[in-house]
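Undergrad: Below are the chains, spelled out letter by letter.
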Amino acid sequence: AQKVTQAQTEISVVEKEDVTLDCVYETRDTTYYLFWYKQPPSGELVFLIRRNSFDEQNEISGRYSWNFQKSTSSFNFTITASQVVDSAVYFCALRRNFGNEKLTFGTGTRLTIIP
Amino acid sequence: NAGVTQTPKFQVLKTGQSMTLQCAQDMNHEYMSWYRQDPGMGLRLIHYSVGAGITDQGEVPNGYNVSRSTTEDFPLRLLSAAPSQTSVYFCASSQDISYEQYFGPGTRLTVT
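From first to last, the protein sequence lines are chains V and R.
Per the numbering used here, the very first residue in the first sequence carries number 862; after that it's consecutive.
Per the numbering used here, the very first residue in the second sequence carries number 1028; after that it's consecutive.
Please note that the accuracy of each hint is not assured.
[Stated by the list, open to error] Listed below are the simulated DSS-like cross-link pairs for lysine-lysine, each with C-alpha atoms no more than 27 Å apart in a straight line:
#	chain 1	residue 1	chain 2	residue 2
1	V	899	V	931
2	V	931	V	963
3	V	864	V	899
4	R	1041	V	963
5	V	877	V	899
6	V	899	R	1036
To be clear, the hints were calculated from the coordinates, so they are not data collected in a lab.
Turn these sequences into a full structure, and let the hints guide you.
TA: Rendered as structure tokens:
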């Protein structure tokens, strides 16, 4: 069975600080996909990144970066120089590459950026 | 290109009432799903569809029905609403199993 754990329920940081959101996953599959979604206070779910299990390169997109480590089953998300607009709930998710295309979500991390 | 749309945005039902949550996408995506979001539980899959005429159950299907007569539409029916179905419901679609899902804006449902 698939499982995604986001152990940090809530994080608060002061604006301009860097912050890392942890995501640990469990799967028996060798091929799978990992995702991060952002849910701002307005409630919609915004896709941030997709990573397949064969690509362990870290990715950077502006102030956002992702560290995928298969050896530790982790896919962590770092925001550099945080801004108030980064305040949201962030979800990590895992999806199998075949069969039921279920997206297994973690329980989310609520990030609050303090001005 | 509207993406994924959902109606209504808010709904209040009495216990035992039935209703249909509408979901439509204009991206010609084959895969569509319904999730519910409850505090502290992330999102849980209710039903999903891999194409017109094909649906299957997710984690929490009891009390819900779906059908997929067209590629664009994927309505979710509550047969007899219960307070336990108070939740925020999200519809999502994706191009393929390996691609990201795009979510609708959600429907906040309260059952009294």
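Undergrad: Evaluate each hint against the coordinates.
TA: How the hints compare with the structure:
The straight-line distance between the Cα atoms of residue 899(V) and residue 931(V) is roughly 23 Å, inside the 27 Å bound, and the hint therefore holds. Between residue 931(V) and residue 963(V), the direct Cα distance comes to roughly 21 Å. Compliance with the 27 Å bound is thereby established for this hinted pair. A hinted pair counts as satisfied when its Cα atoms are at most 27 Å apart, and residue 864(V) with residue 899(V) qualifies at roughly 19 Å. Restraint check for residue 1041(R) and residue 963(V): the C-alpha separation of about 31 Å exceeds 27 Å, so the hint is violated.
Distance restraint check for residue 877(V) and residue 899(V): the Cα-Cα separation of roughly 19 Å lies within the 27 Å cut-off, and the hinted pair is therefore satisfied. Restraint check: the Cα-Cα separation between residue 899(V) and residue 1036(R) comes to about 20 Å, which is no more than 27 Å; the hinted pair holds.
Hint compliance for this structure: hint 4 alone is broken.
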